[in-house]
Amino acid sequence: MTWHQHRLVLPPFRRGFHLITEQVVSALPELKQVRVGLLHVFIQHTSASISINENADPDVPRDMETSMNSIVPEEFPYVHTCEGPDDMPAHVKSALLGSSLLIPISEGRLCLGTWQGIYLCEHRNRGGSRSLVLTLQGEG
Amino acid sequence: MTWHQHRLVLPPFRRGFHLITEQVVSALPELKQVRVGLLHVFIQHTSASISINENADPDVPRDMETSMNSIVPEEFPYVHTCEGPDDMPAHVKSALLGSSLLIPISEGRLCLGTWQGIYLCEHRNRGGSRSLVLTLQGEG
Amino acid sequence: MTWHQHRLVLPPFRRGFHLITEQVVSALPELKQVRVGLLHVFIQHTSASISINENADPDVPRDMETSMNSIVPEEFPYVHTCEGPDDMPAHVKSALLGSSLLIPISEGRLCLGTWQGIYLCEHRNRGGSRSLVLTLQGEG
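Read top to bottom, the protein sequences are chains C, B and F.
Note that this note's numbering has the first sequence beginning at 28, numbered continuously upward.
Note that this note's numbering has the second sequence beginning at 28, numbered continuously upward.
Note that this note's numbering has the third sequence beginning at 28, numbered continuously upward.
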């Protein structure tokens with residue numbers, strides 16, 4: 028049984044949904060030695076989120092953005108408006124999509140389905156850099 | 028500390044919410060030997076999801092379906108329409124409800140509340156068979 | 028590698044979003060001895076949820092409540108109405124926000140971001156006491 032923990036600092040992304048599967052896997056040199064285990068991906072922010080979605084058609088992340096903007100509109104009588112009109116909807120989206128993922132590992136690889144990818148969901152107009160904590164556990 | 032991992036292939040379900048607690052538990056013969064631990068249930072698809080909900084009244088899964096159809100309508104200017112009008116809303120629902128569950132284990136049993144059950148949420152009209160990865164860890 | 032599991036029974040909260048980070052940490056005397064690990068917080072109910080959100084401005088939990096009431100309205104043709112008009116929307120909110128959290132641990136502390144707090148989200152008008160299962164694992 029081994030534990031590994033890494034901090035992954037992502038550069039600023041524009042508002043929207045961005046595939047980061049490769050960045051996550053590249054930050055985990057120990058992944059190959061895990062026979063069975065779990066990878067936890069955690070984002071340390073409340074206005075961006077981490078989610079799994081379809082990894083092939085670039086229209087999917089675009090539709091995710093317009094769809095989430097429709098479900099959680101900026102035009103709403105929010106009280107918390109001091110950080111701009113995109114801030115409170117970002118907190119709601121972050122709560123709905125979640126701040127972490129747990130992905131099974133088998134024979135040194137993430138057990139993602141063929142069409143599954145890991146997305147950083149940036150809900151702010153200018154969210155800046157985002158910090159992830161990657162925690163890998165398993166047996167070799 | 029032990030790790031066990033199983034693949035559970037579910038037969039095609041019709042669109043909607045379906046209780047699968049028994050199927051999941053039946054696939055885990057090692058569960059009884061775990062004194063304290065965690066069970067991870069992961070679905071390898073992006074148009075179906077895994078969720079916990081009320082396990083007693085069959086009206087609840089029906090209302091979950093109509094409610095999610097109202098929150099994520101098919102009538103929306105999606106760009107990703109090549110796989111049919113039910114596909115992109117399925118990706119949104121899957122992101123909102125989540126692709127995995129983590130459930131505590133105590134004395135050989137899942138620590139679910141009295142009214143909690145595990146649901147497969149099929150968001151496609153004809154989703155076909157769905158693959159789950161069950162990862163069990165704990166100490167005996 | 029050590030495992031610790033505690034039951035945390037929360038007193039009744041009024042409907043809305045309530046910070047419980049301190050209650051959770053106080054229930055975990057073993058946390059300080061974990062060098063790297065994970066904390067799982069699980070709620071054993073289907074009409075309340077557990078979520079991470081902004082921990083500083085009390086307007087945020089207020090806006091979360093009004094926003095979730097707008098996304099999941101009580102005025103909807105639900106069939107499951109036998110437990111009152113706030114019950115079925117509570118099940119939908121609980122499915123959307125989730126029934127558990129997994130938080131990384133580093134050097135004896137939860138790796139929460141500066142602005143992240145753990146919220147109990149009470150979706151019923153009179154939800155009563157709520158039971159959490161806290162499962163801590165890691166290496167010392």
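Incorrect hints may have been included.
[What the hints assert, rightly or not] Once the Cα atoms are required to be at most 35 Å apart in a straight line, the calculated DSBU-like pairs of lysine-lysine come out as:
{"#": "1", "chain 1": "F", "residue 1": "K59", "chain 2": "C", "residue 2": "K59"}
{"#": "2", "chain 1": "B", "residue 1": "K59", "chain 2": "C", "residue 2": "K59"}
{"#": "3", "chain 1": "F", "residue 1": "K59", "chain 2": "B", "residue 2": "K59"}
By construction, these hints were calculated from the structure, which means they are not laboratory data.
Since the structure is predicted, the reported quantities are computational estimates derived from the model, not experimental observations.
Are there hints from earlier that the structure breaks, and if so, what are their numbers? none
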